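Participant: If you want the building blocks of each chain, they are given just below.
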Amino acid sequence: MTVHPKTFGYSFRRILLYVVLFGTSILMIVPFYWSVSTSLKLERFVYTSPPQWIPNPLVWVNYIHVLTRIPFPRYFANSVFVAVVVTLGHVFFDTLAAYSFAKLRFPGRDQIFFIMLLALMVPFQVNLIPLYKIMTLLHWNNTYLALIIPNLTSIFGIFLMRQFLMTIPNELLDAARIDGCSEFGVFRKVVMPLALPGVATLVIFTFMGTWNDFLWPRIVINSEKLFTLPVGLALLQMKNTSNQAQIMAGTVLTALPMIIVFLFMQRQFIEGMTAGALKE
Amino acid sequence: MTAIPLPHRFTSSVKKYAMPYVFIAVPVISLIVFLIIPMVVSLWWSFNDYSGLNSPKFVGLNNYVELLTKDKIFTKGLVNTTMFVLLGMSIGPTLGLLTALMLNQKVRFRSLFRTAYYLPVMTSLVVVSTIWLMLYNRNGLINSVLQTFGLAKVGWLSNPHVALISIVIASVWQGFGFETVVFLAALQSIPRELYEAAMIDGAGGGAQFRYITLPALRPVIVFVYIIGIIGSYQVFDQIYVMSSGGPVYSTTTIVYYLFSKFMDLRLGYASAIAYILFAILVVFSYLQLRFSRERA
Amino acid sequence: MNTKKMLFCLVIILGLLLSSCGGSTPQPAVSQAPVTTQAVAEPVTITVWDYYGEATPIKPLIEPFQAAHPNIKINYEAYDWDTTQQKLNVVLSGGGAPDVVTVDMTWIPKYAAQGAFADMKPLSGGMLNGVPWEQAYTAGALKAITYNDQIISALYDFDTYALYYRNDLFEQKGIKVPTTWDELMTAAKALHEGEQYYYEFDADTFHGSQWIYENGGTLLSPDNSTVVFNSPEAVEAITFNDSLLKEGVGLNWTTDEGERIQGVKDGRIAMFSDGPYYMGIMKSAAPEMAGQWRVALHPYSKQPGSYLGGTGLAIPVASTKQEAAWEFIQYAMELENQIGVYTLAGAAPALKAALSSPEVNVEDPYFGGQKAFSIFLQTMETAIPFPYVSSWADIDAAFTNAMQQIALGDKTVQEALDEAAATSQEALNK
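Protein sequence lines, in the order shown, are assigned to chains F, W and V. What the first sequence shows, in my numbering, is residues 7 to 286, in sequence order. What the second sequence shows, in my numbering, is residues 793 to 1088, in sequence order. What the third sequence shows, in my numbering, is residues 2 to 431, in sequence order.
Hints in this document: simulated from the structure, not taken from any laboratory. Keep in mind that the hints are not guaranteed to be accurate.
[Claimed, not checked] Under 10 Å between C-beta atoms, here's a sample of chain V residues computed to sit facing chain W:
hint, residue
1, V91
2, K111
3, Q115
4, G116
5, V318
6, P388
7, S392
8, A398
9, T424
[What the hints assert, rightly or not] List time: in silico EDC-like cross-link candidates among lysine to aspartate or glutamate, alpha-carbon distance up to 16 Å:
hint, chain 1, residue 1, chain 2, residue 2
10, F, K231, V, E78
11, V, K431, W, D863
12, W, K945, V, E196
Predicted, not measured: the structure shown is a model, and the values here were computed from it. No residue lacks a Cβ here, since even glycine has one placed at the ideal position from N, Cα and C.
Using the sequences plus the hints, can you model the full thing?
Facilitator: Listed below in structure tokens is the structure:
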């Protein structure tokens, strides 16, 4: 192999790149390391000075407490169920609607889109009580329906997918139509596969947003049987005191599934599909 | 041209437009039932004094007048929130784009790096705020680091001149991963051939960025800014956990103030705050969308 | 794709599992006041909301209560403090209010002003477990639960402030435990060393009001029509508080100092003023300091004083089962059950008899064998609840803002309090 003049420069750039990436990653991770570390400590060692970076003694009691004293598996299952259903709903409805807004022409298209955007501009607190009353009217209070149906689709997701779909060349769509595909067929066979990086992004955001949703579930759900994780974990905070270590254990357990989903999504969709796109 | 019987043209018209409407039907209905109707109700409340428990008392535009002319805390909130948005939306998307560009190179462990950047975004704002509360401690990590460099300790959350900046830092740290993920997905949709062709033509990195990357990213940049501004203007969780709007209202934001009014059972007043914010955001978004379309 | 199919199956399975055991609970009928109450002879289910969390003294009452009252079933729902307040706001307007709810006394002004809670006088016939209300509670406690001559909640646990101090340091340095403000200043000066052993205080209404009360002032005039927290006595009081800061012996505890327990443990704090629940926090988070701390009546200039807060049990006016709700509340206020407030939750029971009972007023080894609750009982005698006016939230915010400005040194005491008084008076007049 000849020594290309650029070899050294290239290596230096690559090293710099890795250093920057690594350094900033550490910055992102340190606070989380701290909460994991706290979760493995006894309460009396949580606030020590100087701070204890490595828990000593390292105890699992907080995790055991969280997993046994509250019905963690139940809350977990609720969170998974709601998040999965909502995410699937979003993937289907949001992408479909986004396709309409991005690629199809119909009267009122841009106006309707803008009006839908307006929905994002009002803080949720303000709609809380009227929405709650609507739930009462529909008898959906304290049911899974209240957690799922109002969240099956969102303009956030539609907006996101619309921007992604706008980059799809129209010729591909026309080609499919000429071949005799119905609009829905075009959507299924041409649009969806090309939109997969966007869909993966939507899945990540939607799953995460639903998983962490706290305000609405705690208002509309009364039965412990239907609590999602954030609502259930809040119970660990007693009236006047709070066991920091336990709370950290609870939050680590809550964040873990999402990290797994994220890693999974990355590999399966983004990596796989971009390989497909490159081949074209 | 032979005359086409009217019914035929009509049905083909309907057929042409039916599908788009069908596709957007579910979101539109969902929007009307779960968002528009509550919004109409709360808009009505904004013209009343309403505690939620007893009947609303109509007061016309009084709430709005008071908010815009007499309420000094609301004015402070408006200023604080605008500062927050300006700072956050200059730094956040820039960091996001930079990291996305870095990650788009052939790096090893890309998914691990991506996870690291996205970790804060995946965590709820409440947890992130709790963690930063610890970091901003008078004797916490950040001040300890400052001290080792011989600098003075900073009252990150107790100094009214610094508190808002502290919240911005924590928020940007938490949020720029969002932009990273979105930009990265967009970058990866750009066909490699375009870059290869450009290189053959002799275009350098800078030109490639300007003529290939940036235009391809435009739709996503528009998205990031519109969503970002709408979202940042509604900043709440960090304030709630870290500063409770203080000290001396230096970190009070519009939604935090709204929330406090809501908790005081002043629903009419709170709703009025919401609709002033709404008006601001409508104007912003409309301008942004127009601007982005004109360029096309 | 395989993954998609897997996800679908997972969802279906979970959905089947959860829907077979999930479901809604019977909702109490939405109704407006006035309300017809049911005779307790018919079987009835009441919903109880409890924010105590894990170590709750209320949940253990359910079984024995149901056993003693076979026709009353309890639907028990637990939420944390924040959630309870938010939910209560929503259900009081949106329907679905519980029959019994734990309310923080600081919430009472806004709910009382809106007539949200039922009057317990007619429900109870003037008696709490056979004892007139006036004898069951201290005068201050009774005032705290009375609004417009109605008793709108039963005080369940109380919160008043006493002085916590590092007795070991006092003995070591030969300092006398302060009973007056001058002595407090002397003690603080003698204790303070470098960055350690401060008198810690919070710049808020809870603590600010204490100084004012101790100097003979109040926040509002007795008829709640005029703001008087900028009166000469009040200004003098806050000036003393500020002097602790200016002399370098007081520590204003801002958010970035962290949790106060941190300061307790690392020695930054040698004295502070807080309520009985803090004893529990110290025991669990700072067990290594056992024996070093004591509590005492907070030093005062003219008379002892403190804010009065705590938790009350209230019945929303929309409840259709007020008689049954009252039965449960009365049960919770029985002596043995009030004692449970301490033994189970580490909080201070509001019933006078419980406070002075041997089970509660124990010699506490953590506090050197001191009978800490006898001190808190003393403070309860002179504690004053916040005024119940509908604009209380605005007044509270203005006063707290003034305290913060003073602590930052942005304004003088007189300026800050005058400005806050003007804002508050405006709010009060509406």
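Participant: Take the hints in turn and mark each one as holding or not.
Facilitator: Each hint tested on the structure:
The restraint placing V91/V at the interface with chain W holds, with a minimum CB-CB distance near 8 Å, inside the 10 Å limit. With a cut of 10 Å, the hint placing K111/V at the interface with chain W holds, because the nearest CB-to-CB distance is about 5 Å. With its C-beta approaching chain W no nearer than about 4 Å, Q115/V sits inside the 10 Å limit, and its interface hint holds. Given hint, G116/V at the interface with chain W, holds; its Cβ is 7 Å from that chain's nearest Cβ, closer than 10 Å.
Given hint, V318/V at the interface with chain W, holds; its Cβ is 8 Å from that chain's nearest Cβ, closer than 10 Å. Against a cut-off of 10 Å between C-beta atoms, the interface hint on P388/V is violated, since the closest Cβ of chain W lies about 15 Å away. About 9 Å separates the beta-carbon of S392/V from the nearest beta-carbon of chain W, less than 10 Å, and the hint is met. Proximity of A398/V to chain W holds as hinted, the smallest CB-CB distance being about 8 Å (cut-off 10 Å).
Taken as an interface hint, T424/V checks out: its beta carbon lies about 9 Å from the nearest beta carbon of chain W, inside 10 Å. Of the pairs offered as hints, the one joining K231/F and E78/V holds, with about 11 Å between alpha carbons and a cut-off of 16 Å not exceeded. For a cut-off of 16 Å, the pair hint linking K431/V to D863/W stands: about 14 Å separates their Cα positions. As the CA atoms of K945/W and E196/V are separated by approximately 14 Å, the hinted pair is consistent with the 16 Å bound.
Of the numbered hints given earlier, the model fails hint 6 alone.
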